[in-house]
Structure formats: structure tokens, C-alpha cells
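Chemist: Chain by chain, the residues:
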Amino acid sequence: MNFDPRFSGRKFTSVGTRPIRPDGIDKVTGRARYGADFNMAGQLVGRVLRSPHAHARIVKIDISKAEKLAGVKAVVTAADLPDLTDGDAAMYDVLDNCMARTKALYDGHAVAAVAAIDARTARQALKLIEIEYELLPHVTDVDEAAKHTAPLINDAIFTEGLEEKPVKPSNVTKRSQFGHGDVHQGFGHADFIVERSFKTEQTHQGYIEPHACVANFSSDGTADLWVCTQGHFVYRQHCAQLLGMEASKLRVTSSEIGGGFGGKTHVWAEPVALALSRKAGRPVKLVMTRDEVFRASGPTSATSIDVKIGARKDGTITAAEATLRYSCGPYAGSWAEIGAMTAFACYKLDNVKTVGYEVLVNRPKTAAYRAPSAPMAAFAVESAVDELAKKIGMDPVDFRIRNAAQEGTRSSYGPVYGPIGIGPTLEAVKSHPHMKAPLGKNQGRGMACGFWFNFGGQTCTDLNIGMDGSVSLAVGTVDVGGSRASLSLVAAEELGIDYSQVKAIVADTSSLGYNDMTDGSRGTFSSSMATISAARNAIKILRERAAQMWDIAVDDVVWEKGHAIAKGEKHGNLGKLSLKEIAVESGKTGGPIAGHSELVADGAGVSFATHICDIEVDPETGAARVIRYTVVQDAGKAVHPTYVEGQYQGGAAQGIGWALNEEYIYGKDGRLQNAGFLDYRIPVCSDLPMIDTQILEIPNPNHPYGVRGVGETSIVPPLAAIANAVSNAAGVRMTHIPMSPPRILAAIEAEREWSK
Amino acid sequence: MAGVAVSTTINGDAVEYLCQPDETLLDVLRDRLGLTGAKEGCGTGDCGACSIILDDRLVCSCLVLGAEAEGRRVETIEGMAHGDTLHPLQQKFLEHAALQCGICTPGFLIAAKDLLAKNPDPTEEEIRFGLAGNLCRCTGYDKIVRAVQDAAIVMKGA
Amino acid sequence: MRYIRPLSIEDAVGQLAGSAGTAAILAGGSDLLVRMKGGFAEPELIVDIKAIDGLSEIRETAEGFSIGAAVPCAVLGENTALKKAWPGVVEAAKLIGSKQVQGRCTIVGNLCNASPAADSVPALVAAGAKAVVVGPGGRRTVPVQSVPTAPGKTSLAKGEIIEAILLDKRAPRSGDAYLRFIPRTEMDIAVVSAGVNLTLDEHGVVKSARVALGAVAATVLLVEEAAEVLIGSKLDEATLERLAKVCAGACRPIDDKRGTIEFRRKVAGVLAKRAATTAYARAGGK
Amino acid sequence: MVEVTLWGSLAATAGGNSKVEIEAKDIRELFRKLAEQYPGIEPWIDRGIAVAIDGTIYRDTWSKELPEGAEIFLLPRLAGG
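Residue numbers (our numbering), protein chains in the order written: chain A, 23 to 778; chain B, 48 to 205; chain C, 461 to 746; chain D, 11 to 91.
Honestly, the hints are just simulated from the structure, not real lab data.
Hints may be right or wrong, so weigh each one.
[As the list claims (entries may be wrong)] The list that follows gives simulated cross-link-like pairs (lysine to any residue, SDA-like), each with its CA atoms no further than 20 Å apart:
| hint | chain 1 | residue 1 | chain 2 | residue 2 |
| --- | --- | --- | --- | --- |
| 1 | C | K717 | A | D701 |
| 2 | C | K554 | B | E173 |
| 3 | D | K29 | A | D204 |
| 4 | C | K543 | C | A741 |
| 5 | C | K717 | C | R644 |
| 6 | A | K187 | D | A22 |
| 7 | A | K562 | A | A496 |
| 8 | A | K690 | C | I721 |
| 9 | C | K554 | B | L163 |
| 10 | D | K43 | D | A24 |
Starting from the given sequences, assemble the full structure and let the hints guide the process.
Modeler: Have a look at this one:
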């Protein structure tokens, strides 16, 4: 059946309300089962041995002593995970990251693993594995690694995307470029130009739940995997490919997930757990420690960005240019490319050029982190935009409004925008009471904008109507923050029934067709589209059954407010049949009633946000404290507004942590020095104020309800909003994130020295 | 390594177990007793996801040995509701959507219960500092603080 | 590995002294269990001292206060008399870790962990606190600053336990304060810290002073020169500036993941000023 | 005939042309003909290319028609968090 995804402008009954989530009781009573909360009979404990070296050739691994230790049931190395990737370079990198093959490429890189009867035995066994390393020179800084004198991390990599084919290998894996117009000419028309360089340090998603799974490989070649993941179908594909299995023989169940933010979008230890289980012939539970999470999973890129923006006296930007260098860890990525696409996406520009360079470093493999790559680019661009507004003497909000992209604008990354929300978020900020609130001593206010694409993708959903008229909704996108509630609302809306009649679950990989993962803010966008489609398919069957019950033609039956209604005067005495009444008779009218849908949810609507932030800086210590924070963001349509607010607040909080204190700190030896929550400082409750939110709803024309993604955009503006606020509070322009107290104090002291 | 026999009280029930001398109470609760409501987010007392109440004191169960529970009273998230009746904090966390992924929720509820037991009428600042030992990465804490404020009002009225 | 819970200090000392391998004392466990988790400590004997008579008590004596080695820091904050007499010591103890950690950790543990950044130690040093050490050779009383000798190292001999911390009875017109700098508002290790303890004469002039700095050297520093700056003053602006300068000069900090040398020097002075101001007000100075 | 705009790096593989004319009625045909005319693009297509049609981004929909006169823009496939 053809599904029409276009926005219909309907009035809503359920969508937009704020009911309690269906998985709530289990989560407040401790009954919800996360990755580490599942056990199997005969289960072993898996543990991973990791390289203490930033860069080393693995000369020899001797596992014989470990294998002989009583209680050890399996020891695996790269030899137990042979390369079955068949030329798929991206999957080869995933494999090599799961278990180092010829070289350890970062501190924390997995080199072997054991399965034993208990944790103590497993720990002892790791100590008995003997590895001979040949130490190699390492490089962890993005700018250092990009130099042609830097130690090479992979001598088979030659920079892609250069006009002339390079003859020497490089740590720069790719150059990418976006833009239009002629920036040289554009800068020629500028009365004012701001040009600055910025750096941001590497951060981690910081989910509170470490990676955890239980793998059970059976002797008949089938396997089960229980795992916390943002995409169990993707994990199934990865694991099946790396283990040489048919996908359908591996059933993956996604546990409740204790946070992901992009960090649980590809496999880390899961293929290792399966390999251990296969070798031991028993189930294996593998849970990372926090130290392992920091050293070997996640992080986002560290960056180095040069920005140049020019404008006329009247405040029109004439040209904008950026060069962005993003670290990828030791494997090729496309992180700078995304940064280059998003950098100027908020603005209407005749002349724009961005160039991205992907840089290999001896750090963990970069993973997506909430609107990956966009916050760093926004930090650089929005800092420069603020400075330019000041130079011109314009209010920073007015300056942005003047240059904001709108419907019909050619985006800096290429396509022309449809209806978008950057202008409205700026107008909302301009009139927000926060902008007029008085500031105290040592306080400053900053604002900044942010952009994210949002994704759609492959989606499959089942909607089953029970014989009692209740509805079970099985979706394949993992619920990371309340999507079962929003999807239940959507099902209730479309069927015209009460929210309480719907129960949504996340189905395992054997119960439903393939779904892309919950990333790119696609969970509610895609699965709501599939849910609407499934519900409409179910309604078609409900109408047929009602027609049968009434013994009239199906074309004479319409569906309204949860009921089949016979239309036309000839059926005037038939009244209406509720969903429940039809369901009760379903056994006699053709059997179970269900709606299924499989689709590619295309047309995700881009999203914009503008944030306002007040900061107080202690001029004697450099401590910066967020006093007030406001998020204004376009949701398209907020299906469950409370959880939309939650996404806005959570993204802002992560951005605040990133801006002020979070960073990976490496020693000269290339080892990570702060692999724990004590010294990797994510914000605590007392660090933050309430985070006010304002939801704007500019409908996405490509979704029946107008939904856009909401999950990611909120992390994009904070770095810049806070930098701009610090600039206004302390009179110093911070160009290095995080703006930790030593950095702010040093900047204040330098400013004092300079003005003497 | 000799096992330690422990007799203790968990959520009001007498419980006996045998544990290793270096085994944490968190591991005992989760792996021996099936009480998986307390979570291990760090294992070093920095995230509060494993919070429990030990003899009326809020502690991280990852920083307590299983052997130390001998003769003491342990309260975990599993004992917070009375049968079908949720504790007001649990109810308010649901109503305010004070959880997204929910992994930190048991720890926050236990910490908030301890906070309100010692200070039934806390200011926002007291709540924020009182809960600073519990990390949440999803919510930005806003809705958590509001849920605790609201629960405090309900509990005072009760 | 064995876990024991002796009922007397003599038994605990005997077990520790007689143990063949590594032995660890367990009170709050907030350092020990973290070290065990990380594989940095694998003691063959764990001696839990919480069941020992008197070790979980704060006693008010004619000489002052005796704080048992197993008293959790949270309990210090609940003792009104102690809080009134030594607010700086109590606020320092209540800054260690989180509420959860404060329910377990002890000031003796904080002292014996011998971290230069320990929160309670600068306050105790400033307060002139003493430690009662019990060992195979009997009981001795030592100033707290003599306990840590280097990061992770103490002057305690095998078999020795600190039984209690002693704080003097307060002279009239006395006040103390402790401040630390951390990047967050809670849940951090001090990047720099300062403890100040003052007694004033009847005119509000500082009669005696002790200033201690944390996280700026291998062990907590008692800065006598800083005390001299304060004595005889009423904490006027110039005195405070001199204090800051002396404190910054006394530091021997390092660059590490938590802060830079420059930052530590500068902020040590700032915190000393602020702590002195608070201590002065607490002593009744105006 | 549709005019297709290539992003900077992709243009390099099409002989430096940022705009190419392709006779294609849907995305599948577009990819096929692009690969025929510019073999250097094929590996990029294999890795995944997104197609923006009048500003709406499509990733995997072969059957999506390319309306006459529509703005067709090729983009890299992205990762999300």
C-alpha cells in the first residue's frame, strides 16, 4: 500500500500530550534490565586485555599459561576473529578495533580476551597472557599528527580528495570541500573581517552504563546476544559478518540502554564475547569497566579549526571560510567532513568555502557523539560571528537574524532549504525575557546558534490488535529516551484510541525486519512514520472486518475517532463499531488484525536551535559558573513535549560540560590520564541551573505530523554560547575548549598584562 | 581464599549469604542475590548509580565490602515501593519524566530518599548539592530536581 | 585473602603486626576499595576496625575533642559542639567525595591515604591536630603533619594504627576555615586548597595563626611565614595581599591533569586570603 | 535530463566538474549512469551517497523519481549520534 508521508496539518488528540512512559514503573523500581542485568545458566565472565602502549607492533602473544589456569575456559586473540570483511574497509577497521591484529594503535586497544568461571580467575588469566611489543613512536595531537614529519599510524593510507594523487602516505586520510560562490571576491567586499583559530579537546559521550553484553553461541551454529546498543540490527550485521554467520542465525535482543549518545552505534566487545562463547561452548557475559569505557570506546574528535568571516558595515556577511581538522583515532573517518558541512549551515551566504581534513592519531577510534562534529564547528563559527557583530557594532542577535538562512536559501553544504527554523528561533530569543534580565557583577550573557541534519532511514514496525482491543506496537528502533511513549501516542492518535490501550516494545532482531539504529535523531521521526503507516494498514483491515460484520461494502466504512462508521443514508441505522468490538469478533471475521509497515523514512527535516547562557566568572580563579540557560529549538512537532524538553536539556548539559571541563588528557607517553568520572568531569547536579526550554513547531513537510528529529541539535550551540558569555563576563575571547579554570585564568592574566 | 558468611537484613528481610573477602556489596547484591536495581556505573564511588542505604547512611555499595554488611540493615531500590504503591519520589520521577535512559534512576531515588529523610524541606540548592554524588548524563538534572521538590511537598502533606 | 573484624585495638594491632603479607586497614574503604578495584592493591589481610570499641565515637574531653578513626565524615557534620568549635575542620571533612562517600570515609583514612590533595588534612594541620598512634610498641601522639611523608607514604610502622585524631579545646575568639578549588562544584579532588586557623586578642588583632596549603607540594605545607604575616594584623587589605603573595611563593606545585603550576600558585594565594577572611569573621573579628 | 551538483570532493572524481548533466528518471538510474560516465565515483556510491532532491535528503530509495527541473544535489552519507 502506498504511504503518503506528507504533512497533513491535522488536529491532534493524543500527540502533544504528556502521559507517563510505558517503561517507567520498571525503571523507578529497579526492575528494568540493562546490559549487565541479564544472566544465563552456566555463564562465564569475559574480560579483555588491553594495550598499555599508544603505538606498538605486536610481536608475539603467548596465551598458553593463561589457558592452563584452572577455571579459564577460553582465551581469544585476533587469530580467533579472522578477517572475513572481504574488502569492506570500514568493517575491517571495526574488526581491528575489537581486537588488534598486527599493531596496538592506542592505549586501551584490545589485544586478547579470556572467559573464566569468575571475575577473579579472569583477572588472573589476563596477567598470565604474555605479549611482546615493539614500541613505535606515537602521536596524539591532531595538529602534530597532520604534520608530514609525524609518526605514521598506517603507512597504507594516502590522502584522498587531493587534486594530485599523493605519493607519500599520510595521517591525513581525506580532504573534503563544500561551498559555493567565490570567497576571495567576497572578502574583497567586506568592511570587517574576523579571522581566528580554535581548538577543542576530545570528549566522551559519558553514558553512565558501560558497554555490556551476554553472548551465547550454540553448538548448532546459532547464537543469541543480549546487549545494550543503539541499534541491535546493526550489531547483528556487524557480529554476523565478523563471526562468519548468517544474520538470521544470530538473534540480538537490545536490553534497556543506559545512555548511548552515539557511543553505542557500532560494536566494541560484542564480537569478542561471541568468539569467547564459541570457543568455550558456554554463555559469556562481558561488561566493560569505566576505565575501559574511557580508554577504548566512544570518544569524539579533538579539533583544530581556522575561521574567517567578512561582513559589510550594514551587517551583511560577504564571505565565510573555514578549515577544519578533526581527529579520527587510528582509523579513517568522515568527521571533519560533517564539520565542514554543518559549520555555516545557519547562514545565508553567497560566498562560502569549508575544507575538512580527517586526521589519524593514536587515540581510541572516534565514534559519533550527538550531532557528531557539529558542536566544534559551531564553536569556532559562532565565536567568530559574535566577534564580527561586535566589530561592526551590531547586536549579536540582530546580526544573526540579518544573515539567517531561510526557505529557499542555498545551504552552505549544498541543497536549498525547505521551511526551516533558524529565523524563528532567533526571533524567539530576541523577545525572550532571558535576554532582558539584569546581570550581576562578573556576569556575562552569550548566545549562539546550531544546526543538525537529522536522519531517516530503514524502519520496520508491527502493530498487533489483541482480541480485547488492546494494541501492541513492536518497533525496531531502540528507545534511548522515551520513544516508546511517543510512539504509543502516535499509534493512539492514528487509531483514534486512548494512549493507555497501546503498549509499545522494542522487538528483537528475529521478530521484526531490519531497522537502522537510533542515531541521527531518527528514532521518533522514522518509527513514528512507520507506526502511522502500520496503523493505517491496520485501519484498512478494521474497516474490512466492520464491513463484514455489518455485511456492507468496505467502501462504505470509514474510520473516525477509533470507530468504524458506516457512511451514507442507507446505513443510517448501523451506528458505529469500536476497535474493541471489531477485535472481539476478529476470530470469526478472518483472524488476527495487524498492521505492518516497512519503509525508508526519507525527508528528515533539518533542525536549528538558538541558546542563551549567562555565566559568572571568578576573575581571581578563572572558575566559570552557568547562572541561567535557555534553549529554543524547532521540533517540527513535539509528540511528547516533556521528553522533547528532556532532549533539549540533556543536550545543553552535555554541551556545558564539554565547554567548561570535559577533556581527554594524554601524557607524553600517550597514555590516557583521566579514565574515570573523578577526573573526566561531567557536570554534576550542583553545577547546573534549571535549563529553560522553548519548543518551536515549524512542521516538517515530509512527515504526516510534521515531526523533525530533536535529539541532537541541542548539543551544538552550548560551546559557543558559553564562550560568548565568558567573553562578555571576563573580557577574554576563549579559543580553546574546554574553558577550564586554568585556561580562563591564564587568558584573564594575559589580558591584564597586555592592557598594562 | 576463604568465604565469609554474612547474616544481614535487606529491605526488611533477613538474608544470609557467603561472599569472598574482597567482593563488594554491590557485586553481592547483583550477582549473588539477584538485586540488580543498583547499577555499576564506575565501581569507584564517582557516579552514585549503586547507591544504597546502610544503617540509615547513604553509601555507594561499590565501596562497601559484602562482608561488612554483617548485622546491618541494607535498603535498596527494590524495597522502596510498598507492594503496588510507589514511593512518592518514584511517582514524581514518573510524572516529571525525571528519567530518560533510567540507568541512574535507582541511585537518584535512593539518594533523594535519604536527602528528604534528613531535610524534608530542602531548597533547590540543597537538593542540587545533596544529589551531587549521582551522575545523570541524559536529563541535565532539571526534571530530577523538580521531581524531588514536588515529592517533598507531597511527603510533607502526608 | 582474609577479612577480619577485631573487637579490640590490641587485637587489630596484633593481627596487623603478625601478618606475613600485605595487610590493609579498612574503615570507610573509600580509598582502599578503589585501589583494590583498579588492581593497585591486593592485600592478603583486610582488618576492618569498625567493630573496635570507641573507634566510631567523637568524645568531648577536658582537652578538646577525640575523633575515633572509624567515624565517618558525615558524622562530624552532625556533631554540633565540634562544628561550633572547629567549623573549618568539619567543612573540610564534609567536602570529601560525595554524600555517599561522606557516609563512609574518615579523616584518619584521608590522612593515611597520604594524598597531597586530601581535603581534611590542611584543615587539620592548620588546627594543630594530633594523631594517636597505637602499635606493637604502645601508644604515641604525633602532630598530623608528620603522618604523610610523601604521596601515598606515611610515617606509620608495620602494625601501627591511628586510633583517633585530637583537636584542642578552643580558646576564646578563635576561628578556622578551609577552602579548596575544584573545577566542578562537588565530586572533585582539590586542585589547590588552604586551611587557616586564627585566634584573636580582645581588640580583634590576630594573636596566633596557622596556615596550611594542600595540593601544592608532595605533602600538605604548613606555611609559617604566612602565619607571621597574619599575626599582629586585623586582616586589612595589605595584609591579605601579602598573605597571598607569601602563600603563592611557598608553593612547590607540579603541572598535572588537574592544574598547572601557575594556576596553583596564583589560586593558593587567593584561597588563603578568602579562608583567612572567613576564619577571622568566625573568630569574631570585624 | 537532470542537472546534478556534486559536492567539492566528489567533483574532483568527475574531472573537476561540480555540475554534470545526466539522463536519469530515478535515483537508481542516476547512480548507474554516474558510475558509467565517471568511474571514479563508483567507490563513493558503494560507500553510500545521499541525494537531495529539492532540498529533501534521500539515502536508500532507488525508486525515487527525479522530477524534471528539480535541484539534485549529491551529499556524503553521514553518521549520527
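Chemist: Take the hints in turn and mark each one as holding or not.
Modeler: Results of checking the hints against the structure:
Proximity of K717 of chain C to D701 of chain A is assessed by CA-CA distance (about 8 Å); at most 20 Å being required, the pair is judged to hold. Restraint check for K554 of chain C and E173 of chain B: satisfied, since their Cα atoms lie roughly 14 Å apart, inside the 20 Å limit. As the CA atoms of K29 of chain D and D204 of chain A are separated by approximately 16 Å, the hinted pair is consistent with the 20 Å bound. With a CA separation close to 15 Å, the supplied pair K543 of chain C and A741 of chain C stays within the 20 Å bound.
Restraint check for K717 of chain C and R644 of chain C: the C-alpha separation of about 14 Å stays at or below 20 Å, so the hint holds. Taking the CA atoms of K187 of chain A and A22 of chain D, the gap is near 11 Å; set against the 20 Å cutoff, the hint holds. For the given pair, K562 of chain A sits about 19 Å from A496 of chain A by alpha-carbon distance, which is consistent with the 20 Å threshold. Taking the CA atoms of K690 of chain A and I721 of chain C, the gap is near 17 Å; set against the 20 Å cutoff, the hint holds.
For the hint pairing K554 of chain C with L163 of chain B, the CA-to-CA distance comes to about 18 Å; that is within 20 Å, so the pair holds. Restraint check for K43 of chain D and A24 of chain D: the C-alpha separation of about 12 Å stays at or below 20 Å, so the hint holds.
The earlier numbered hints are all upheld by this structure, with none contradicted.
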